[in-house]
Amino acid sequence: MTTPYLLAAPASAETMADADITTAIERLFTTQKGLNEHWLDVATHEGLVTLTGFTDNLLARQRAEEIALAVRGVRGVTSTVTVQTPELPDADLQRDVCGALADDPATGDYQVHCTVAGGVVTLTGMVQSWTEQQLVLRVVQGVRGVTTFVTERLTIQKGKILNSDEEITTQIRELLDWDIRVNSALVEVRTHEHVVHLAGTVGTATEKDHIIAIAYQTGATRVDARDLFVAYWALGSELRREKFAPRADAAIVNAVRGALHRNPRVRGSETLVQAHEGSVTLAGTVSNLRARQEAERDARHVVGVHDVHNLLKIRPKRLVPDADIRQTILAALARDPYVGHFYFTVSVSHGQATVHGQVGSAFERERAGDVAAGASGVLAVANHVQQPTVHPDEFPASRPGAAQPRPTGPDPDHALAGRIRQRHFWSAGLHDQDIEVQVSHGRATLTGTVDTWPERQQAAFDAYEAGARDVNNHLRVLAPAASTAPEPLELLVDAHR
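Following this note's numbering, the numbering of the sequence shown begins with -11 at its first residue and continues without gaps.
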């Protein structure tokens, strides 16, 4: 007996049955590259998902949690997933972790040290903010062989002037108001002795997690979100419509400046921000390619921004020889938990890196390019990594251990289109968007509209994960109506330095 290609829609669109949620997550696990579904178990009770089992790296565990959080109807995720990875000698793993921190353009300047014992990394040192601390942890998670980390000795330096409770509350409300990834219309915020209390309702578990992170960014010592609930009805279009009301260009510029200032990769850059009718232009200089990429991403996450022109130039703090850049990229690829077992060749000319190799999926190809982009001194990456043109069925045989036949060609177009639509159906952010899917010879074409730029990216990513050879993404991001009092044509403002 084999599992059907598609998961039928629940009888009621208002309430997702626990069994349907569990099945949807399990089927997503079967096709999300970088995960082994046989190692993971899923259980759901009243919309609360529990993940158990193990993965072979920290990024995969985080990926499993994020996939579950983003499924429609999920109110929260509890994970006891452990990390079981082939043992590396402590000296080798410590070399890799310290190398990753030193090679990263941002964390390389931090006063952070590490020791390793049995796959456990202990971090010591001091950083300037919660966001810097999280950046250090993301870098460590990206090293193959790390099973967990200890952060008690990685402290955040407290400045002479701390935000008052009132200032923390005000900052959180402003950040929520300008962040396109959350709908905070029904969220209440109060702060007492630097402990933030969140209450109210949001539409997705992902939103709840993001709101908690925003609270920590403002200087909260602890966040109590027990009274912040997730309810499907809070995804209503009426609430979103209020979120996307027109914003003045001057206000958009200030919000983008703030977003760039909060990003530790971009904070010290000489960045200029210009806006005209919601179209933002970024100019000036940044010190590395990753900062350039994240600056554009941060700008796209600001309410009112419907397009971004990235004119940022990369000016490294010091010139890095091409040979050194090449070695840095090769070392980063070798220690990466997703692509470290593949063979790559890298060439660098005047800071322009070209990566060749063969991987198993579109996800791994994108991962290789992203790893290369994180090297200090690199100005651009040409990703010539190849991936197979043959894709396995999305829903394999249901019997554990059963042989999984591999198709001799692309999936039938109608089946592929159906799988893409099912992914969009179960996505908390895409299920009610106006997306049309057409497939021809394994190539998916997406047309219609979505509310935000991240949703546009997610729609294309889901198509790739469903098995598309290529994706023509013609989705348009809905722009708010023109402001009744438009700002002058040019608003050129220095970003925070």
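Simulated from the structure, these hints should not be mistaken for laboratory data.
If you're wondering where the values come from, they're calculated on a predicted model, not measured in any experiment.
Glycine is no exception: its CB is placed at the ideal position from the N, C-alpha and C atoms.
Careful, some of the hints might be misleading.
[Claimed, not checked] Only pairs whose alpha carbons sit at most 16 Å apart, straight line, appear in this in silico EDC-like list of lysine to aspartate or glutamate:
hint, residue 1, residue 2
1, LYS21, ASP44
2, LYS21, GLU53
3, LYS305, GLU284
4, LYS21, GLU54
[Unchecked claim] For each label pair, taking beta carbons as the anchor points, the in silico distance ranges come out as:
hint, residue 1, residue 2, range
5, VAL183, ARG141, 38 to 48 Å
6, ARG178, GLN72, 40 to 50 Å
7, ALA201, SER152, 39 to 49 Å
8, ASP458, SER337, 22 to 32 Å
9, SER337, GLU181, 19 to 29 Å
- Query: Holds or violated: 19 to 29 Å for the Cβ distance of SER337 and GLU181?
  - Reply: Roughly 56 Å apart at Cβ, these two residues miss the hinted range, so it is violated.
- Please test the hint of 22 to 32 Å on the beta carbon pair from ASP458 and SER337. For ASP458 and SER337 the Cβ distance comes to about 28 Å; the hint holds.
- For the pair supplied as a hint, LYS21 and GLU53, is the alpha-carbon distance within the 16 Å limit? 14 Å, holds
- Evaluate the given range 38 to 48 Å for the C-beta pair formed by VAL183 and ARG141. 23 Å, violated
- Confirm or reject the claim that ALA201 and SER152 have a C-beta distance inside 39 to 49 Å. 21 Å, violated
- Item | Range hint compliance [Cβ, ARG178 to GLN72, 40 to 50 Å] | 42 Å, holds
- Item | Agreement of LYS305 and GLU284 with the hint, judged by alpha carbon distance not exceeding 16 Å | Violated, because 20 Å separates the two Cα atoms, which is more than 16 Å.
- Message: For LYS21 and ASP44, compute the direct alpha-carbon distance and say whether it is at most 16 Å.
- Response: Holds: LYS21 and ASP44 sit about 13 Å apart, inside 16 Å.
- Task: Take a quick look at whether LYS21 and GLU54 sit within 16 Å of each other, Cα to Cα.
- Result: Judged against 16 Å, a Cα distance of about 13 Å means the pair holds.
The structure does not agree with the numbered hints 3, 5, 7, 9 stated previously, though it agrees with the rest.
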